[in-house]
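*Asks:* Can you build the whole structure from these sequences, using the hints too?
Which chain is which? The protein sequence lines are A and B, in order.
Each residue of the first sequence is one higher than the one before, starting from 1 at the first, in the numbering used here.
Each residue of the second sequence is one higher than the one before, starting from 1 at the first, in the numbering used here.
No wet-lab data here; the hints were simulated from the structure.
It is possible that some hints are incorrect.
Said to hold, decoys possible - Once the Cα atoms are required to be at most 27 Å apart in a straight line, the calculated BS3-like pairs of lysine-lysine come out as:
| id | chain 1 | residue 1 | chain 2 | residue 2 |
| --- | --- | --- | --- | --- |
| 1 | A | K53 | A | K123 |
| 2 | A | K53 | A | K38 |
| 3 | A | K3 | B | K48 |
| 4 | B | K239 | B | K48 |
| 5 | B | K48 | A | K5 |
| 6 | A | K83 | A | K59 |
| 7 | A | K3 | B | K41 |
| 8 | A | K43 | A | K139 |
| 9 | B | K10 | B | K239 |
| 10 | A | K83 | A | K43 |
| 11 | A | K123 | A | K38 |
| 12 | A | K5 | B | K41 |
Here are the chains, one letter per residue:
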Amino acid sequence: MDKVKLDIWVGIFVTLGIIAMFYLATRVGNLTSNDVKKTYEVKAYFENIGGLKPRAAVKASGVVVGRIGSIVFDPEAFHAVVKINIDDRYAFPTDTFANIYTAGLLGEQYLSLEAGGDDVNLKAGDLIVHTQDAVVLEKLISQFLYNSAGDDNDKDKD
Amino acid sequence: MNNILNFLEKLGASARSSLSGLGSCTRLFFLTIIYSSDSFKRFNLTIKEIYFTGVLSLVIIIVSAFFVGMVLGLQGYYTLEKYGSSEAIGVLVALALVRELGPVVTALLFAGRAGTAITAEIGLMKTTEQLSAMEMMAVSPIARIVAPRFWAGMISMPILATIFSMVGILGGYFIAVLVIGVDDGAFWSQMQANVDFHNDIVDGAIKSLVFGFACTLIALYQGLVAPPTAEGVSRATTKTVVISSLSVLGLDFVLTSFMFV
Numbered sequence: 001m002d003k004v005k006l007d008i009w010v011g012i013f014v015t016l017g018i019i020a021m022f023y024l025a026t027r028v029g030n031l032t033s034n035d036v037k038k039t040y041e042v043k044a045y046f047e048n049i050g051g052l053k054p055r056a057a058v059k060a061s062g063v064v065v066g067r068i069g070s071i072v073f074d075p076e077a078f079h080a081v082v083k084i085n086i087d088d089r090y091a092f093p094t095d096t097f098a099n100i101y102t103a104g105l106l107g108e109q110y111l112s113l114e115a116g117g118d119d120v121n122l123k124a125g126d127l128i129v130h131t132q133d134a135v136v137l138e139k140l141i142s143q144f145l146y147n148s149a150g151d152d153n154d155k156d157k158d
Numbered sequence: 001m002n003n004i005l006n007f008l009e010k011l012g013a014s015a016r017s018s019l020s021g022l023g024s025c026t027r028l029f030f031l032t033i034i035y036s037s038d039s040f041k042r043f044n045l046t047i048k049e050i051y052f053t054g055v056l057s058l059v060i061i062i063v064s065a066f067f068v069g070m071v072l073g074l075q076g077y078y079t080l081e082k083y084g085s086s087e088a089i090g091v092l093v094a095l096a097l098v099r100e101l102g103p104v105v106t107a108l109l110f111a112g113r114a115g116t117a118i119t120a121e122i123g124l125m126k127t128t129e130q131l132s133a134m135e136m137m138a139v140s141p142i143a144r145i146v147a148p149r150f151w152a153g154m155i156s157m158p159i160l161a162t163i164f165s166m167v168g169i170l171g172g173y174f175i176a177v178l179v180i181g182v183d184d185g186a187f188w189s190q191m192q193a194n195v196d197f198h199n200d201i202v203d204g205a206i207k208s209l210v211f212g213f214a215c216t217l218i219a220l221y222q223g224l225v226a227p228p229t230a231e232g233v234s235r236a237t238t239k240t241v242v243i244s245s246l247s248v249l250g251l252d253f254v255l256t257s258f259m260f261v
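*Replies:* This is the structure we're talking about:
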């Protein structure tokens with residue numbers, strides 16, 4: 001086989017590899033679609049974050065507006081400190097609510113922002129005061145069982 | 001008593017020979033690295049080897065990837081449908097291919113398709129004393145024969161594994177969306193939401209690089225140490241497939257336990 005033909009075939013091979021990598025990165029992976037470009041960071045305190053993980057979605061009205069930056073435990077105040085990176089294009093009032101919800105029944109957890117009515121907007125480094133913890137299923141069930149047990153006792157009295 | 005001594009002697013001999021094999025394999029690797037600069041100066045040799053190990057393996061890689069993807073789609077669909085989450089089929093196919101099947105199956109095919117060819121070629125060169133002839137002409141066989149094949153394997157293997165993953169995902173798409181009728185948008189969006197570029201795709205590529213290194217080095221080593229007889233070359237070819245396959249599967253476990261904790 002002459003040299004030019006060989007080079008062409010190897011060139012096709014390498015190009016095919018680059019196309020495949022590009023395809024995996026853009027179409028299969030989440031390299032482009034989910035990355036928010038310019039962000040500002042605010043933080044929020046939670047008593048319980050449930051299964052929230054770094055890089056989880058931050059949504060407002062269901063639209064992804066940011067990503068969770070880092071989650072650390074504050075050993076002095078005994079609560080979780082969640083850093084939230086919000087896209088520069090979106091501003092939220094200072095009295096915004098931050099809730100941890102679950103996507104679907106067994107899906108992954110995300111942070112939902114519900115805007116308040118304040119005139120002043122959150123700046124980088126601000127604290128979101130109003131937060132609501134993740135719902136822990138076991139707690140809910142035990143609460144339910146406790147309540148229904150209480151109901152039974154009431155019936156016995158009657 | 002004699003039996004125990006015999007057993008111990010055999011155990012010691014096999015341990016010693018496998019250790020010395022590993023040692024000379026490592027030595028071959030360092031020699032290859034030292035002589036690599038010569039082979040990079042004459043990159044045409046490497047390009048010719050990429051043609052043999054990479055381009056000519058494309059057909060078997062693409063066909064088997066497509067079938068592996070189709071089987072994954074079909075089997076995954078049957079199980080996921082029981083839980084009413086057949087849209088997750090995209091995630092299943094993509095993660096299985098990108099993380100595990102892409103690198104591993106490509107490496108196994110690579111060992112069978114390209115590794116054996118390398119071993120047989122070098123073994124025959126040794127048998128017909130071409131390697132000695134080169135040394136007589138002051139041409140290092142490592143620089144002229146071994147290093148180009150080594151780098152060709154290192155370059156071809158990640159490319160082949162990436163192509164395998166892509167074609168496999170298209171195979172899964174073909175079965176799940178076009179044949180069975182899973183929703184097209186859910187297939188891709190769930191996949192994109194759950195496949196991470198750095199944690200899944202790059203780690204899969206690193207795996208395939210390590211497998212390419214192992215397969216190529218084993219094939220080269222077995223070719224070089226093959227006894228210069230017809231039987232010796234055939235034994236060496238068999239050994240290449242067996243050792244490469246086992247080390248690929250072993251390395252896969254080790255790498256997985258490091259990467260996806």
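*Asks:* Please go over all the hints and tell whether each is borne out by the structure.
*Replies:* We went through each hint and held it up to the structure:
1. In summary, the hint linking K53(A) to K123(A) is supported, as the alpha carbons are separated by about 23 Å, within the 27 Å threshold.
2. Note on K53(A) and K38(A): the hinted pairing holds, with a Cα-Cα distance of about 21 Å set against a maximum of 27 Å.
3. Restraint check for K3(A) and K48(B): the C-alpha separation of about 9 Å stays at or below 27 Å, so the hint holds.
4. Of the supplied pair hints, the one linking K239(B) and K48(B) holds, its CA atoms being roughly 25 Å apart against a limit of 27 Å.
5. A distance of roughly 11 Å separates the Cα atoms of K48(B) and K5(A); the hinted pair therefore holds under the 27 Å criterion.
6. This hinted pair checks out: K83(A) and K59(A) have alpha carbons roughly 14 Å apart, not beyond 27 Å.
7. Proximity of K3(A) to K41(B) is assessed by CA-CA distance (about 16 Å); at most 27 Å being required, the pair is judged to hold.
8. Distance restraint check for K43(A) and K139(A): the Cα-Cα separation of roughly 26 Å lies within the 27 Å cut-off, and the hinted pair is therefore satisfied.
9. At most 27 Å may separate the alpha-carbon atoms for a hinted pair to count; K10(B) and K239(B) meet this at roughly 20 Å.
10. A distance of roughly 4 Å separates the Cα atoms of K83(A) and K43(A); the hinted pair therefore holds under the 27 Å criterion.
11. For the given pair, K123(A) sits about 14 Å from K38(A) by alpha-carbon distance, which is consistent with the 27 Å threshold.
12. Restraint check for K5(A) and K41(B): the C-alpha separation of about 21 Å stays at or below 27 Å, so the hint holds.
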